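Chains as they are written, first to last, in our numbering: chain A, 379 to 606; chain B, 433 to 538.
For the record, the hints were derived by calculation from the structure and aren't laboratory data.
These figures come from a predicted structure and were not determined experimentally.
Note that beta-carbon positions come from the ideal geometry of N, C-alpha and C, so glycine has one too.
A hint or two may mislead.
What the hints assert, rightly or not - Listed next, the stretches of chain B that the computed footprint assigns to chain A, with coverage defined by at least 3 CB atoms under 8 Å from CB atoms of chain A:
| # | region |
| --- | --- |
| 1 | 435-447 |
| 2 | 450-458 |
| 3 | 475-486 |
| 4 | 523-535 |
As the list claims (entries may be wrong) - The calculated SDA-like cross-link candidates involving lysine to any residue, where the alpha carbons are at most 25 Å apart (straight line), are:
| # | chain 1 | residue 1 | chain 2 | residue 2 |
| --- | --- | --- | --- | --- |
| 5 | B | LYS465 | B | GLU475 |
| 6 | A | LYS532 | B | ARG500 |
| 7 | A | LYS489 | A | ASP437 |
| 8 | A | LYS410 | B | THR505 |
| 9 | A | LYS473 | A | ASP427 |
| 10 | A | LYS410 | B | ILE533 |
| 11 | A | LYS388 | A | GLU567 |
| 12 | A | LYS384 | A | GLU398 |
| 13 | A | LYS473 | B | GLN526 |
| 14 | A | LYS489 | B | ASP481 |
| 15 | A | LYS532 | B | ALA530 |
| 16 | A | LYS409 | A | ASP423 |
| 17 | A | LYS489 | B | SER434 |
| 18 | A | LYS532 | B | GLY498 |
| 19 | A | LYS410 | A | VAL480 |
| 20 | B | LYS528 | A | PRO481 |
| 21 | B | LYS528 | A | ASP423 |
| 22 | A | LYS473 | B | ASP508 |
| 23 | A | LYS532 | B | ASP479 |
| 24 | A | LYS473 | B | ILE531 |
| 25 | A | LYS487 | B | ASP479 |
| 26 | A | LYS490 | A | ASP431 |
| 27 | A | LYS463 | B | GLU475 |
| 28 | A | LYS487 | B | ASP508 |
| 29 | A | LYS489 | A | THR470 |
| 30 | B | LYS465 | A | ASN444 |
| 31 | B | LYS528 | A | LEU407 |
| 32 | B | LYS465 | A | ASP433 |
| 33 | A | LYS489 | B | ASP444 |
| 34 | A | LYS532 | B | ASP481 |
| 35 | A | LYS409 | B | LEU535 |
| 36 | A | LYS409 | A | ASN545 |
| 37 | A | LYS532 | B | ILE533 |
| 38 | A | LYS579 | A | ALA590 |
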Amino acid sequence: MAKDVKPTRKNLMQIEDRIELSERGHDTLEKKRDGLIMEFMDILDQAQDVREDLDDSYDRAQRAINMARAMDGDVAVRGAAAALKEHPELTTQSKNIMGVVVPQIESSKVKKNLDERGYGVLGTSARIDEAADAYEELLEQIILAAEVETAMKKMLEEIETTKRRVNALEFKLLPDLRENQEYIEQKLEEQEREEIFRMKKIKAKKEAEERAEREEEEEEVEAVAADD
Amino acid sequence: MSQEIAVVGAPDFTTGFRLAGVRRFAEVDDDEKDEQLDDAVSEMLADDDVGIVVMHDEDLNHLSRGVREDVETSVDPVLVTLGGGAGSSGLREQIKRAIGIDLMEE
Chain A
379 MAKDVKPTRK
389 NLMQIEDRIE
399 LSERGHDTLE
409 KKRDGLIMEF
419 MDILDQAQDV
429 REDLDDSYDR
439 AQRAINMARA
449 MDGDVAVRGA
459 AAALKEHPEL
469 TTQSKNIMGV
479 VVPQIESSKV
489 KKNLDERGYG
499 VLGTSARIDE
509 AADAYEELLE
519 QIILAAEVET
529 AMKKMLEEIE
539 TTKRRVNALE
549 FKLLPDLREN
559 QEYIEQKLEE
569 QEREEIFRMK
579 KIKAKKEAEE
589 RAEREEEEEE
599 VEAVAADD
Chain B
433 MSQEIAVVGA
443 PDFTTGFRLA
453 GVRRFAEVDD
463 DEKDEQLDDA
473 VSEMLADDDV
483 GIVVMHDEDL
493 NHLSRGVRED
503 VETSVDPVLV
513 TLGGGAGSSG
523 LREQIKRAIG
533 IDLMEE
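Please take these sequences and the hints and turn them into a complete structure.
Quick look at the structure:
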């Protein structure tokens with residue numbers, strides 16, 4: 379790219395403008411990147427808490443269902459599971475963190491009362507109820523985790539692109555522009571020096587001509603005086 | 433827009449979620465996971481009605497490379513893995529790449 383420009387003053391001015399703009403953009407993007415990383419750190423803390431809770435809930439839920447399965451038999455548990463009528467639903471809304479759209483997931487019908495579950499109370503045992511309870515809680519944790527982890531993924535994507543842009547400006551565009559600027563400046567200076575040298579040459583030539591003319595005239599005058 | 437939770441995994445894994453009311457699930461037996469899990473997961477990813485996919489962390493190892501990458505980077509639906517400990521591994525890799533340091537080490 380460096381030698382593609384014509385060394386004219388107009389191009390130099392244009393390049394100087396572009397350098398100024400790129401530097402401003404670079405500063406802004408750098409600030410954006412730092413801001414995003416700070417926001418990300420907050421979310422990361424949150425995500426790690428949610429993760430821990432999630433793993434606890436999962437352990438608890440697994441214990442509950444293993445107990446139900448051991449005491450009531452696999453068939454009873456599956457039967458109860460197949461009878462459920464209400465199903466959890468998710469609605470997603472979005473929130474904006476520094477230009478990154480992250481989802482906010484809201485759920486309905488996750489927690490259910492005993493009579494809303496749809497399986498007969500008499501036909502099943504309390505252990506199945508406990509297992510269902512534990513899994514409902516687990517689902518709530520999962521929804522929370524999904525929200526936080528999606529936010530993290532999106533933030534990470536944004537951080538990556540911003541970082542790439544910052545680096546492209548810093549290590550590619552700006553050095554190229556500066557190289558061009560330098561090239562044009564050097565060329566223009568050289569042209570100036572050439573111009574001065576040319577002027578000097580012309581001046582010397584003119585002076586030599588004038589001197590020759592004067593000498594000729596003097597010779598003529600001398601010749602006329604000698605004749606007299 | 434209302435979406436649902438989907439569970440993919442062994443029958444033992446999904447039963448509990450069915451007890452909590454989840455009705456979208458794909459059951460794949462343990463010895464068929466290598467062949468069938470890819471399809472089951474791809475199907476869930478392509479479904480617009482699914483908002484969250486729940487899987488067991490170990491089941492990710494049964495997926496082929498492409499599907500695994502798809503599911504780990506997918507945002508809609510988003511994958512939540514259980515039983516794996518420190519977050520889904522894909523997220524950890526992504527953090528390393530974007531920030532430059534491993535923030536999730538214990």
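Hint numbers the structure violates, sorted upward? Nothing - there is no hint that the structure violates, so all of them hold.
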